[in-house]
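Chemist: Chain by chain, the residues:
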Amino acid sequence: MTVKAEGVSRRYFRKTGTANYFDAVQPVSLEIAPGGMTVLTGRSGSGKTTLLNMLSGLLVPTGGKVWYDDTDLYALDDRALSRLRSERTGVVPQGRSAVDTLTVLENILLPARLYQRELPVEAAVRWMEKLGIAPLRDARPAELSGGELRRMAIVRALAQAPDVLFADEPTGDLDDENTRLVLSAFRDFAHEEKKAVFMVTHENDALLYADRVLRMDHGQVTS
Amino acid sequence: MKISSLSLNNLVRKPGRTLALALLTAFLALAVFGGSVIVLSLRGGLQSLEARLGADIILVPSEAQSKVSFQNMFLQGTTGAFYMDASVAEKALEVEGVEKAAPQTFLASLKADCCSIKIQVIGIDPARDFTVQPWISRSLSRELGDMDVAVGCKVEAGMGEIIRIYEQRCKVVARLEPTGTGLDTAVYCNMNTMNALLRAAEEKGISHRIESGDSVISAVYIKVRDGSDIDAVNSRLNGRLRKVTAVRTRSMITGVSDSLAGISRTVTVLIAAVWVLAFIILLLAFALIIRERTREFAVLRLVGASRGMLARMVLAESALCGLLGGLAGTGLAAALLFPFAQLIESALKMPYLMPDAGVVVPLAAGTVLLSAAAAALSSVLAAVRLSRVDPGTALREGN
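Line by line, the protein sequences are chains A and B. For what it's worth, the numbering used here labels the leading residue of the first sequence as 716, then goes sequentially. For what it's worth, the numbering used here labels the leading residue of the second sequence as 1166, then goes sequentially.
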């Protein structure tokens, strides 16, 4: 599946200097093709997360369109958009992203369970082993460290075998060894399973794994 | 995992939160069910009293007015002992506008060797009585025979048991349905039995009979002919009959009815106040809980939950909490009200007749459903607010 952004922008209404608004993302056009890993870097507050959220169907743009192949993402109603998010995208957000009342494995299988799809237990176990959290499958999120929680979110996104994986600072809480594990997992996912990976990061190491690097500055993609 | 099972999971795995919300709704259910049962019992008692009295006017000896409170006479069974000539009943029938005149004779037994229990005995003329007899007929298919007694539901005597009253042996042939009034503590017999008891009491030196011989009564219950003015008949009776006072029964009921209306109003206002207060607390609680769970809901949106799914989840959680609280509150109210009905009755000093299962069960079911609906309703605002937020914005807010 190819993700295409056409002049996508996001304006927030807030007092900024003399203006009453702030353009977090200025019109951006880009394409994310399957089989490659795209890395978006830039300073804090440059609009990277906002762009990722708009591309992943989590935030309605104030301008432009996002296409998933021939589907205009934001022309879908909430029900269809939610189902599409569950079936075709995997998102690793910043910060904690666990449902505290579920175990690690239940959290990982949640997207499939919400729509009563076949549970990707085998894939979940495989990715958990690969990222070193297999022994934690029955633990509760409250019992996990920040790094373990982050890897749980990554496994949750990967186990669904989405067409496109969006990850926002996925290695933020990880040590060097786990960072390498995660980055190679993403690269393998893109290359071997012919999926698209779009990652936002400050991590310089990530650039070594990227097939394409984009930079963002003041809401604009500069390269 | 369906969204409904996720709701159940959230309730089970967050027991503290679930318990707090359930307690709030339990408080609502307790107020509604408990208050309603009390009001219904008081109304039932009054209706029962009206039905038992069934008369428009009561004739008593003039001296009786200074001896007893008529209200106590019927509510608490303290009938007193006052007598007049039995011919008063026949004379009353001759007065214009009087349709029926049923005599009754009262006697109190003693807490002494001569008597098994201390009770009020009421003698009736089954052929003429229209106040107590219809009630007795529901438990006894034949007329009361000589030395037979029918006992109120609060008299401690079983069917077939012999009770001694002034050394006279009387057989219990019927136990009567509850009325919620003093009538439940009395024993009923026919006039022959009553006369025998009066004679026996006199032999013991305990009687206040008048000089007119055997034929005495304590009161005459008057039913006025349809279309007749009750006040006019009352005046005529007072004018024609010597040493007798005619009292309108409504004047007795009015005091009870006014007190009952006051209690009903107070209970209703209390129920409303509890509801308003608890509903506001529930609204605030849900708003706070949902705010605290912003991140969790954002994660659910992230993995594909739609706005509708989240709203359903929140509503299901709150409704289940309400259901749990409703069951607990209703159960607690029932556990407090039903076993202690007599205690409540004596504390209120009012006719108090608990509604039967045909009323209580639907009322309990309605209260439980109402509690679930109130809890769900109080979370609607929070659910709507939640469903309007973009998952991207919610993720940022929840950080």
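Watch out, some of these pointers could steer you wrong.
[Claimed, not checked] Derived lysine to aspartate or glutamate pairs resembling EDC-like cross-links, with alpha carbons at most 20 Å apart:
{"id": "1", "chain 1": "B", "residue 1": "K1179", "chain 2": "A", "residue 2": "D888"}
{"id": "2", "chain 1": "A", "residue 1": "K780", "chain 2": "B", "residue 2": "D1555"}
{"id": "3", "chain 1": "B", "residue 1": "K1179", "chain 2": "A", "residue 2": "D792"}
[As the list claims (entries may be wrong)] Derived, one-sided and incomplete: chain B residues facing chain A with beta-carbon distance under 7 Å:
{"id": "4", "residue": "L1173"}
{"id": "5", "residue": "E1457"}
{"id": "6", "residue": "T1459"}
{"id": "7", "residue": "L1467"}
{"id": "8", "residue": "G1469"}
{"id": "9", "residue": "A1470"}
{"id": "10", "residue": "S1471"}
{"id": "11", "residue": "D1555"}
{"id": "12", "residue": "G1557"}
[Stated by the list, open to error] Covered stretches of chain A (in silico footprint by chain B; criterion: 3 or more residues with CB under 8 Å from a CB of chain B, positions within the stretch not fixed):
{"id": "13", "segment": "741-748"}
{"id": "14", "segment": "771-784"}
{"id": "15", "segment": "799-806"}
{"id": "16", "segment": "820-834"}
These are computed hints drawn from the structure, not numbers from a lab. Predicted, not measured: the structure shown is a model, and the values here were computed from it. Ideal Cβ positions, reconstructed from N, Cα and C, are used throughout, including at glycine.
Chemist: State for each hint whether it applies.
Modeler: Status of each hint after checking the structure:
1. Between K1179/B and D888/A the alpha-carbon distance is near 27 Å, which puts this suggested pair outside the 20 Å criterion.
2. This hinted pair checks out: K780/A and D1555/B have alpha carbons roughly 17 Å apart, not beyond 20 Å.
3. The suggested pairing of K1179/B with D792/A is violated, with an alpha-carbon distance near 33 Å, which exceeds 20 Å.
4. Given the 7 Å rule on beta carbons, the hint for L1173/B is violated: about 10 Å separates it from the nearest Cβ of chain A.
5. Taking 7 Å as the C-beta cut-off, the interface hint given for E1457/B is violated, the closest approach to chain A being about 11 Å.
6. With a least beta-carbon distance of about 12 Å to chain A, the hint placing T1459/B at the interface is violated under the 7 Å criterion.
7. Here the hint on L1467/B is kept, as its CB sits about 5 Å from the closest CB of chain A, short of 7 Å.
8. Taking 7 Å as the C-beta contact cut-off toward chain A, the hint placing G1469/B at the interface holds, the least distance being around 2 Å.
9. The beta carbon of A1470/B comes within 6 Å of a beta carbon in chain A, closer than 7 Å, and the hint placing it at the interface holds.
10. Of the supplied interface hints, the one on S1471/B holds, with its beta-carbon coming within about 4 Å of a beta-carbon of chain A, less than 7 Å.
11. Checking D1555/B against chain A by beta carbon gives a least distance of about 5 Å; that is within 7 Å, so the hint holds.
12. Residue-level restraint check for G1557/B holds (minimum Cβ-Cβ distance to chain A is 3 Å; threshold 7 Å).
13. Beta-carbon proximity to chain B at under 8 Å applies to 0 residues in the segment 741-748 of chain A; the threshold of 3 is not reached and the given coverage is violated.
14. Here the segment 771-784 of chain A counts 3 residues with a CB under 8 Å from a CB of chain B, which clears the bar of 3, and the coverage holds.
15. Under the rule that three or more residues need a Cβ within less than 8 Å of chain B, the assignment of the segment 799-806 of chain A holds, with 4 such residues.
16. Residues of the segment 820-834 of chain A with a Cβ under 8 Å from some Cβ of chain B number 8, which satisfies the need for three, so the listed coverage holds.
Hints 1, 3, 4, 5, 6, 13 from the earlier list are contradicted by this structure; the remaining hints agree with it.
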